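Protein chains in written order, with my numbering: chain A, 1 to 179; chain B, 1001 to 1134.
Derived by calculation from the structure, the hints in this document are not laboratory data.
Everything numeric in this text was worked out from a predicted model, so none of it was measured.
Cβ atoms here follow ideal geometry from the backbone N, Cα and C, with glycine treated the same way.
Errors might be hidden in some of the hints.
Unchecked claim - Taking beta-carbon pairs under 8 Å as the criterion, some of the chain B residues facing chain A (in silico):
hint: 1; residue: G1007
hint: 2; residue: E1011
hint: 3; residue: F1013
hint: 4; residue: A1017
hint: 5; residue: L1020
hint: 6; residue: A1023
hint: 7; residue: T1032
hint: 8; residue: R1033
hint: 9; residue: R1040
hint: 10; residue: V1044
hint: 11; residue: E1125
hint: 12; residue: V1127
hint: 13; residue: A1129
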Amino acid sequence: MDAAVKLDRFLAGVERRAFRVAQLALRDRDDALDVVQGAMLRLARSYGGRSSEEWPALFFRILYNGIHDAQRRRAVRSRIFGLWPGGRTDGEDESDPLERIASRAPEPDRELMAAEAMRHLESALAELPARQRQAFVLRCLQGLDVAETAQAMECSEGSVKTHYFRALHALRGRLEEVW
Amino acid sequence: MIEKPRGPQDEAFERRARELFDASVDGLDAATRARLAAARHAAVSEAGSRRGATWRGWAPVAIAVSAALVAVIVWRAPGDAPSGTTGPAGAPALDALELVAAGEDLDLVAEDLEFYAWLDELSLEAVAAQGTTS
């Protein structure tokens, strides 16, 4: 199969989940889209010639590097705006008010409950230490195996297991009552 | 490290988290999906153009190396040949190159060489015979 077709299929299969992973970490749609776009370009430019079996771990490693860069930029921006009188703080809701109205449109009960449960999961994930969150998202939500997760996180498989175990139990402790 | 065993409650929790995440992925709005698809097309076409650019970038180097290799073969070959077996300087090496390049039948060339060696022997014997008679 042509390499370009293979790459297109891989990215098509992973792009929406990658976007949600970035959105969970950054909690901002546009930042998440930028990070995913950057990760796709970087994979294509630097690793397009590699075996397609290596792509999942490489792609998520690039994605998380992009997420960390975006978080660093945001922290710097937040410090600068924090010094400005009346400057916007990081926790402020930046979404479009029209989108917020649209998101409150009536939904069937099950969908509404699932959306609510997902919001709880997002909040609980946001409270986890970064490495635990990363391990849980990659292993459980994204479905990478331990070796791939270790490659993506640039750590040992043992560390992945430890982070994952702690994340799982912290999340269960926080969510069992509300789920 | 051995992965800690997960109980049925852990597995149920993982399943629930995965289902919720999958549902949130499936529920992405059309505008986001379109932007992701556009980003993917840009990345794939970038990869294609870079592959072409890589080959184009190496082509002059490959041509230069090939030319240098041919020059070295042509320059070195007359000196390597045993003295007395070459004609005008450079001619045998060029002949050999032409033969290889033209894909001639090398068996015929080998037969010719045997024939010329035999002629040489004959002429040497004739010279020796003349020497003894005179």
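Taking the hints in turn, this is what the structure says about them:
1. G1007: Where the cut-off is 8 Å and the nearest Cβ of chain A is about 10 Å from G1007/B, the hint is violated.
2. E1011: violated, 10 Å
3. F1013: Status holds, d = 5 Å.
4. A1017: holds, 6 Å
5. L1020: Hint on L1020/B: holds, closest Cβ of chain A at ~5 Å, below 8 Å.
6. A1023: holds, 5 Å
7. T1032: holds, 7 Å
8. R1033: holds, 7 Å
9. R1040: holds, 5 Å
10. V1044: holds, 5 Å
11. E1125: violated, 67 Å
12. V1127: Cβ of V1127/B sits 68 Å from chain A, so the hint is violated.
13. A1129: violated, 73 Å
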